[in-house]
Amino acid sequence: MIKYFLLFFLLLVNIHCRAGDADSISTFNPQRARIAGIGLGVTYAASMTGLYKLWYDDYPSTTFHAFDDSHEWKGMDKLGHVGSAYYISRWCNNIVLWTGTSQKKSALIGTGISFLFLSTIELFDAYSTNWGFSSSDMVANTAGCALFLGQQLGWKEQRITMKFSYVPSEFAKYRPDVLGETSLERLFKDYNGQTYWLSFNIYSFLNKDSRFPKWLNLAGGYGTSGLVTAYEQVYEIDQVIFPEAERKREYYISADIDLTKIKWHSKTMRGISEVIGFVKFPLPAVKWSEKRHAEFQMFGF
Numbered sequence: 001m002i003k004y005f006l007l008f009f010l011l012l013v014n015i016h017c018r019a020g021d022a023d024s025i026s027t028f029n030p031q032r033a034r035i036a037g038i039g040l041g042v043t044y045a046a047s048m049t050g051l052y053k054l055w056y057d058d059y060p061s062t063t064f065h066a067f068d069d070s071h072e073w074k075g076m077d078k079l080g081h082v083g084s085a086y087y088i089s090r091w092c093n094n095i096v097l098w099t100g101t102s103q104k105k106s107a108l109i110g111t112g113i114s115f116l117f118l119s120t121i122e123l124f125d126a127y128s129t130n131w132g133f134s135s136s137d138m139v140a141n142t143a144g145c146a147l148f149l150g151q152q153l154g155w156k157e158q159r160i161t162m163k164f165s166y167v168p169s170e171f172a173k174y175r176p177d178v179l180g181e182t183s184l185e186r187l188f189k190d191y192n193g194q195t196y197w198l199s200f201n202i203y204s205f206l207n208k209d210s211r212f213p214k215w216l217n218l219a220g221g222y223g224t225s226g227l228v229t230a231y232e233q234v235y236e237i238d239q240v241i242f243p244e245a246e247r248k249r250e251y252y253i254s255a256d257i258d259l260t261k262i263k264w265h266s267k268t269m270r271g272i273s274e275v276i277g278f279v280k281f282p283l284p285a286v287k288w289s290e291k292r293h294a295e296f297q298m299f300g301f
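Numbering (the working numbering), first residue to last: 1 to 301.
No wet-lab data here; the hints were simulated from the structure. Among the clues, some could well be false.
Listed next, the in silico DMTMM-like pairs over lysine to aspartate or glutamate satisfying Cα-Cα at most 25 Å (straight line) [to be verified]:
| id | residue 1 | residue 2 |
| --- | --- | --- |
| 1 | 173 | 122 |
| 2 | 53 | 122 |
| 3 | 214 | 157 |
| 4 | 287 | 77 |
| 5 | 287 | 170 |
| 6 | 263 | 157 |
| 7 | 248 | 170 |
| 8 | 261 | 157 |
| 9 | 261 | 209 |
| 10 | 248 | 77 |
| 11 | 248 | 122 |
| 12 | 248 | 290 |
| 13 | 248 | 181 |
| 14 | 267 | 157 |
| 15 | 173 | 250 |
| 16 | 104 | 69 |
| 17 | 248 | 209 |
| 18 | 53 | 157 |
| 19 | 287 | 246 |
| 20 | 53 | 125 |
| 21 | 53 | 177 |
| 22 | 287 | 250 |
| 23 | 287 | 232 |
| 24 | 53 | 77 |
| 25 | 248 | 72 |
| 26 | 173 | 185 |
| 27 | 53 | 181 |
| 28 | 248 | 157 |
| 29 | 173 | 72 |
| 30 | 263 | 209 |
| 31 | 287 | 72 |
| 32 | 173 | 246 |
| 33 | 248 | 232 |
| 34 | 105 | 72 |
| 35 | 173 | 57 |
| 36 | 173 | 232 |
Please take these sequences and the hints and turn them into a complete structure.
Spelled out as structure tokens, the structure:
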């Protein structure tokens, strides 16, 4: 859950930095740099110390060891790592950019901060007996950072955005200890209700004189259904009977709206659009699932 705490904190800081972009500066501002440096430093120290005390301190430590969880939950947890790395990189970049640092350096520094945050968590896992160092987690973290950094260095903008959506599923109530007891916990832990998207901004790939709407995207999504355990399907645990649902992958195609591409006149709305931009805009989608034909979803995500 620490990744989501980091996202929440950086989200709040990002509101301030994005809302002030109309007053952006072209030269380095030492005062802003001190504010950003202290804020990020305190966040790193406090979050890592708090995480270790509240979570890892309760379990025995051991020597560095690895743990292969690459096949768990049909890859949904790995996409969570990709999304976290992408948005921590993106929002840290905005914070550094607010100091007057150049776009290239801001992208490199922001991505480096993101990688540091997430790599520290992986090292905590590596020295805990209950977990272990996951190379697949590190690959996912690297992929999320690369998705942001590659676009920022190559295009100087984010043409392909990682997005997230959630619809409550019927499965969480059968294993609340694993899939979440409250609505907020299920948002993060119930993989059956989550969908991860790559949202492509079509206008950014066209000629700049095109009349195609700058804010209209095309998104491809991936989700799962029928997961009550990490690896195999079971229908009973501790005398709790699960529905006989097939474990399956689901794929989506849908239109999307990139709120950051809308020309807002309000500084507050510019900040808000960046902050909530990770949420897939609720629009109908076409869904394919394993061993089934395509179907049209009348509700959005």
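Quick rundown of the hints versus the structure:
1. 173 to 122: With a Cα-Cα distance of about 29 Å, the restraint between residue 173 and residue 122 is violated, given a limit of 25 Å.
2. 53 to 122: Cα-Cα ~16 Å, so holds.
3. 214 to 157: With a Cα-Cα distance of about 13 Å, the restraint between residue 214 and residue 157 holds, given a limit of 25 Å.
4. 287 to 77: holds (21 Å)
5. 287 to 170: holds (18 Å)
6. 263 to 157: This hinted pair holds, its Cα atoms lying about 15 Å apart.
7. 248 to 170: Cα-Cα ~15 Å, so holds.
8. 261 to 157: holds (11 Å)
9. 261 to 209: With a Cα-Cα distance of about 16 Å, the restraint between residue 261 and residue 209 holds, given a limit of 25 Å.
10. 248 to 77: holds (15 Å)
11. 248 to 122: violated (28 Å)
12. 248 to 290: holds (6 Å)
13. 248 to 181: holds (23 Å)
14. 267 to 157: Holds, because 19 Å separates the two Cα atoms, which is no more than 25 Å.
15. 173 to 250: holds (21 Å)
16. 104 to 69: Cα-Cα ~35 Å, so violated.
17. 248 to 209: violated (43 Å)
18. 53 to 157: violated (39 Å)
19. 287 to 246: holds (16 Å)
20. 53 to 125: holds (13 Å)
21. 53 to 177: holds (21 Å)
22. 287 to 250: holds (7 Å)
23. 287 to 232: holds (23 Å)
24. 53 to 77: This hinted pair holds, its Cα atoms lying about 24 Å apart.
25. 248 to 72: holds (13 Å)
26. 173 to 185: holds (12 Å)
27. 53 to 181: holds (23 Å)
28. 248 to 157: violated (35 Å)
29. 173 to 72: The hint holds at about 20 Å.
30. 263 to 209: holds (17 Å)
31. 287 to 72: holds (23 Å)
32. 173 to 246: Cα-Cα ~17 Å, so holds.
33. 248 to 232: Since the Cα atoms of residue 248 and residue 232 sit roughly 11 Å apart, the hinted pair holds (cutoff 25 Å).
34. 105 to 72: Distance ~36 Å between residue 105 and residue 72 Cα, so the pair is violated.
35. 173 to 57: violated (29 Å)
36. 173 to 232: holds (18 Å)
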